[in-house]
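Residue numbers (the working numbering), protein chains in the order written: chain W, 1 to 463; chain V, 1 to 463.
Wrong hints could be hidden among the right ones.
Each pair may be met inside one copy or between any two copies, as identical chains are not told apart.
As the list claims (entries may be wrong) - Straight-line alpha carbon distances no greater than 25 Å define the calculated BS3-like cross-link-like pairs of lysine-lysine that follow:
#1 408 with 136
#2 285 with 78
#3 457 with 352
#4 279 with 344
#5 172 with 457
#6 352 with 136
#7 263 with 279
#8 457 with 407
#9 389 with 344
#10 238 with 347
#11 320 with 271
#12 320 with 263
#13 352 with 279
#14 389 with 450
#15 3 with 337
#16 407 with 238
#17 270 with 136
None of these hints come from the bench; they were simulated from the model.
2 protein chains.
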Amino acid sequence: MEKILSYIESNHERYLSELKELLAIPSVSSQTERKPEMRRAAEWLKNHMTNIGLQNMQILETGGHPVVYADWLGAAGKPTILVYGHYDVQPEDPVDLWKTPPFEATIRGENLYGRGASDDKGQIFIHLKAIEAFLKNGGALPMNIKIIFEGEEEIGSENLAKFISEHKELLKADVIVISDSGMFAKGVPSVTYALRGLAYMEVEVTGPNGDLHSGSFGGSVHNPIQALTEMIASLHDKNGRITVKGMYDDVRPLTKAERAAFKELPWSDKKYAKSLGLKQLYGEKGFTTLERLWARPTLECNGIWGGYTGEGAKTVLPAKAFAKISMRLVPDQSSEKIAKLFEKHFKAIAPKTVSVHVRNLHGGEPAITPVDSPGVQAAVVALEKGFGKKPLYQREGGSIPIVVDFKKLLGIDSVLLGFGLPDENAHAPNEFLNLDNFFGGIKTVAHYYKEFPNFWKTGNRKK
Amino acid sequence: MEKILSYIESNHERYLSELKELLAIPSVSSQTERKPEMRRAAEWLKNHMTNIGLQNMQILETGGHPVVYADWLGAAGKPTILVYGHYDVQPEDPVDLWKTPPFEATIRGENLYGRGASDDKGQIFIHLKAIEAFLKNGGALPMNIKIIFEGEEEIGSENLAKFISEHKELLKADVIVISDSGMFAKGVPSVTYALRGLAYMEVEVTGPNGDLHSGSFGGSVHNPIQALTEMIASLHDKNGRITVKGMYDDVRPLTKAERAAFKELPWSDKKYAKSLGLKQLYGEKGFTTLERLWARPTLECNGIWGGYTGEGAKTVLPAKAFAKISMRLVPDQSSEKIAKLFEKHFKAIAPKTVSVHVRNLHGGEPAITPVDSPGVQAAVVALEKGFGKKPLYQREGGSIPIVVDFKKLLGIDSVLLGFGLPDENAHAPNEFLNLDNFFGGIKTVAHYYKEFPNFWKTGNRKK
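Turn these sequences into a full structure, and let the hints steer you where they fit.
Listed below in structure tokens is the structure:
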């Protein structure tokens, strides 16, 4: 391992100049005119993976942009890690807000600036450079590896689920490592082991059979906007708990260890509220902010509309009012079950003065990789070795659909080993990657490759 | 009076053919290209008023379309009635839904179909024909009369308040008669003696300092849409009463006589609800539907918006939510005072998790002409004589700003003596006027001219 690490140490300059080459390709997946650039990025990766000693390089077609695949399967009897990342990037607009050109990666201070530096080319490069360090120093990895880099993450990974289900055998592995997210904060290496799911609904409340004049009819009719506000207002109780019947039935309680782990993270409610411009935070009583964000279901009104919304005054008593209402779900809730519970509840609370229609627009399952699983435990050790600091555990409040797809279609848990920072402008001008995290990331990943087989072998898990 | 009435009776055919002439002029005030038609209608009225024996005909310029004025002031020592109406009409679109051309008035069954037949050319013609009957049979009216027909009622009477305040002397009168509304129902002659006012507000609720991702932030922030729904929901109590502090302080209670009068009107909650497509009506407990519509303040949400309102799902936790909220006011509430009470209340109920901005968009005062005033009492007698049936009292839930302007600027009460019907398609294709109501209206107005001086002379009022 000594040799590996010193190889990494002595190749900083070259690693950066190679990454700059990859960052110079404007592989913006959402823009049709850049389809050739997408292909060019895929070809660049294929060549680069060949150069570093990976095998079976393939550019696999999908309904959209291709998936780049490679593997190295020379470690007989050892487990297999599947690494996922993406080579497509967000558009660079608005270009004039960039201090240096988006596709000419530039070092300023301790950061590398350029579109894709953090999301996700810099992070997939972390894996490639760790792999190179092994293959160029002894010609072998401590375990088997498979790599897929997709080209449609920034446009919703529309073709990925189909791709996975069509390549189940090819993608067989023991754990999936995704480096497409962030550390909790600068200097706080962390491993993300759970994500929330989603049940996204649209509700339509109908009162009278047409828009009415609020003067001639006001006082006789239950205004559907009023009815909708009354119904939405009733969806939380005074303790901030969701009132939908059965909502908490399947919620996996936080363990004492998890609650203790979250408390170790550097966090200030006061600073957080200030950064959001708020005098006071809000949420379910009995839980800290991080607990509420990561491990408790929430219900949000994502949109509401009805009646006259233009300039000035119109005295309408509208026929209809609408809202988009979504619930973030946590293990072991099911999106479909919650959607049904919501629909049932919303219909049950509708007053007789209106009629209600509920649509289920979209859903996604929550995901959790047990903290005592080999994948997570190896990450903890690797992060400590890579950054010289004990890492912390975190969850993520949002949803990452590919994690759910991998679990559903391949039956494999994912570990989120992210090296970005929350303020790296991932989808904005002046995106950057912190160089300490880049090189610390390469060392961490090298350690992960070394450690995972040990944890996998000892089967260090409770269930 | 015998002679007057028989003159009216024997001139039905001519009255109708003259009205058809007026209805043939497409005086649509909202369409610039029809400005010449507006002028043509004003000239036609000026000529017609000359022909029937009125005096001092003038076409008075305003910032927009002109006001047509005429008078007959030959009844020394008698009171003066000011008649208000309008000669502009709504656009005829969509033309293809008209069974007969909108500007070729046509009799079908017992109705006269054509744009402006009911709103308001047919109704101003009722006055002109009653005046003619007097002036052509003895050369005198039983009282003095002044007439103003405006040309901008359908576009908000923007220039009328200024016109009134610039012609206070010219418009001096003892009562104003407005024939631009309806009877309660076919065969139910009625007099309208009160209108509701309005206080129209817009509220803006701000949560975080920018739109947030509902996954990453949901559970820590009070969603401003949720906060807004909670605030709006709290504006009515479980009895349908408005909770704004002080809302009912100045509400003039309905008298026993008024409540009894409303109960005489032919009304069915069941039929009304069915016509609106509702299973159940809504409103303040302790009052009948007509009482709530006419004599109780109401609070309506005229519009609401915030967050994502497009197609599909967007997981936003928005920074802001908005609503337009208006209150219908009844005597003796003041629009300005209620707007202030609302603002104070809305700010008081805002939770600390959000900030609130309240704007007063628009206001108008309620109006009431005492039922025992000469103007209303003369209407009751005239309607009974004109239609052979005891008329009923009604109020109107909407606002008619000119009534408030007349009261504020001239100090004169208005009596609403309307001969339209609720289903006459006033602003829609196939507008019509019922011919029984047209001729009954002419007789009623003739009786009104005769009766008003009697009531005025005897001063038959309680205060």
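Verification of the supplied hints:
| no. | hint | verdict |
| --- | --- | --- |
| 1 | 408 with 136 | neither (36 Å within a copy, 93 Å between copies) |
| 2 | 285 with 78 | neither (47 Å within a copy, 76 Å between copies) |
| 3 | 457 with 352 | neither (62 Å within a copy, 54 Å between copies) |
| 4 | 279 with 344 | between (35 Å within a copy, 20 Å between copies) |
| 5 | 172 with 457 | within (18 Å within a copy, 103 Å between copies) |
| 6 | 352 with 136 | neither (73 Å within a copy, 60 Å between copies) |
| 7 | 263 with 279 | within (22 Å within a copy, 53 Å between copies) |
| 8 | 457 with 407 | within (21 Å within a copy, 93 Å between copies) |
| 9 | 389 with 344 | neither (49 Å within a copy, 54 Å between copies) |
| 10 | 238 with 347 | both (21 Å within a copy, 19 Å between copies) |
| 11 | 320 with 271 | between (41 Å within a copy, 21 Å between copies) |
| 12 | 320 with 263 | neither (46 Å within a copy, 31 Å between copies) |
| 13 | 352 with 279 | between (38 Å within a copy, 7 Å between copies) |
| 14 | 389 with 450 | within (18 Å within a copy, 101 Å between copies) |
| 15 | 3 with 337 | neither (53 Å within a copy, 82 Å between copies) |
| 16 | 407 with 238 | neither (37 Å within a copy, 49 Å between copies) |
| 17 | 270 with 136 | neither (49 Å within a copy, 86 Å between copies) |
Checked against the numbered hints listed earlier, the structure breaks hints 1, 2, 3, 6, 9, 12, 15, 16 and 17; every other hint is satisfied.
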